[in-house]
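There are 2 protein chains.
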Amino acid sequence: MKISMHALSVEVFSRTLGSLSQVLAKGAASAAQRKFEPGVLLAARLAPDMLPLTRQVQIASDIAKNSVARLAGQQAPRFEDTESTFEQLQARLARTIDYLRSVPASALEGSETRDIKVPVRDRTLEFKGLELLQHWAIPNVFFHVTTAYDILRHNGVEIGKRDFLGTSNNS
Amino acid sequence: MKISMHALSVEVFSRTLGSLSQVLAKGAASAAQRKFEPGVLLAARLAPDMLPLTRQVQIASDIAKNSVARLAGQQAPRFEDTESTFEQLQARLARTIDYLRSVPASALEGSETRDIKVPVRDRTLEFKGLELLQHWAIPNVFFHVTTAYDILRHNGVEIGKRDFLGTSNNS
Numbered sequence: 017m018k019i020s021m022h023a024l025s026v027e028v029f030s031r032t033l034g035s036l037s038q039v040l041a042k043g044a045a046s047a048a049q050r051k052f053e054p055g056v057l058l059a060a061r062l063a064p065d066m067l068p069l070t071r072q073v074q075i076a077s078d079i080a081k082n083s084v085a086r087l088a089g090q091q092a093p094r095f096e097d098t099e100s101t102f103e104q105l106q107a108r109l110a111r112t113i114d115y116l117r118s119v120p121a122s123a124l125e126g127s128e129t130r131d132i133k134v135p136v137r138d139r140t141l142e143f144k145g146l147e148l149l150q151h152w153a154i155p156n157v158f159f160h161v162t163t164a165y166d167i168l169r170h171n172g173v174e175i176g177k178r179d180f181l182g183t184s185n186n187s
Numbered sequence: 017m018k019i020s021m022h023a024l025s026v027e028v029f030s031r032t033l034g035s036l037s038q039v040l041a042k043g044a045a046s047a048a049q050r051k052f053e054p055g056v057l058l059a060a061r062l063a064p065d066m067l068p069l070t071r072q073v074q075i076a077s078d079i080a081k082n083s084v085a086r087l088a089g090q091q092a093p094r095f096e097d098t099e100s101t102f103e104q105l106q107a108r109l110a111r112t113i114d115y116l117r118s119v120p121a122s123a124l125e126g127s128e129t130r131d132i133k134v135p136v137r138d139r140t141l142e143f144k145g146l147e148l149l150q151h152w153a154i155p156n157v158f159f160h161v162t163t164a165y166d167i168l169r170h171n172g173v174e175i176g177k178r179d180f181l182g183t184s185n186n187s
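Chains as they are written, first to last, in this note's numbering: chain R, 17 to 187; chain H, 17 to 187.
Honestly, the hints are just simulated from the structure, not real lab data.
Zero decoy hints are in this set.
A pair counts as met if it fits within one copy or between any two copies, since identical chains are not told apart.
For lysine-lysine, the following DSS-like pairs were computed, each having C-alpha atoms within a straight-line distance of at most 25 Å: (1) Lys-133 with Lys-144; (2) Lys-18 with Lys-144; (3) Lys-177 with Lys-133; (4) Lys-144 with Lys-177.
Could you build all of it, start to finish, from the sequences and the hints given here?
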């Protein structure tokens, strides 16, 4: 039980993306049970100028894998953002988790002081590795995982906080 | 720039609760501008069986301060959950942040291996300190901060991801 960049990135992100996959499974099951097209949920938004469920999942995946890759000095796998079903989104999360788990703790040792650049739209953000985790990667990943959950909850899918937090010895 | 329990709890939570306070200020301003009772937003929910905005803010505050207190072996300040205005919620967040910042890094040193019990409703969760942070405190705080943001966004408040992430050198 040692605090490390690996523990606060790979372990945290693989857990929450795994929970998100379970939450998506409940979304698909809910659509089947209530007899409507699952695509209705995938395209659902909380506001007209917010991104729909599919994009929330894709971005959670991107920020998790890209952040860990930058910390490790690696190139993250690229995904094409072509998912159009719940199953495809779950497969993407599984591939993301596989990648995260392929990064050994040793590759992240000392990454807290690494200079990291993150290109976003019109500018480039600069962080030390620890700041990237604290104020970019962790908040962003949880933002998109939570918003995905909130979209499904708002649309009547029966999920609860335990689904969001994921399985553990405690639940 | 050293990775520590303090950096991943006090620093992360005080930043996101500060951002939440700014997001709430925009909610209050939006109600004033659009000429409706601010209490409408405070009572807004994303689903009938989800908690309203006020409770999302109170719980984000509670989990942040209680988690840090448990890690530090302290008693957290108790708040009475009586807030009924945006200003009162912002004051609560300010008090929460004051408490978090009062906990020195030294008080959290070694807390990653501490045995922590968290009473929830009908049971008691048990964690090592690091697990508490990874799989309970961080996900929970961001869940409630994001859901508060999502409630306001869903109700037409003009906020964006930069408000959620908070001010920094980068924004």
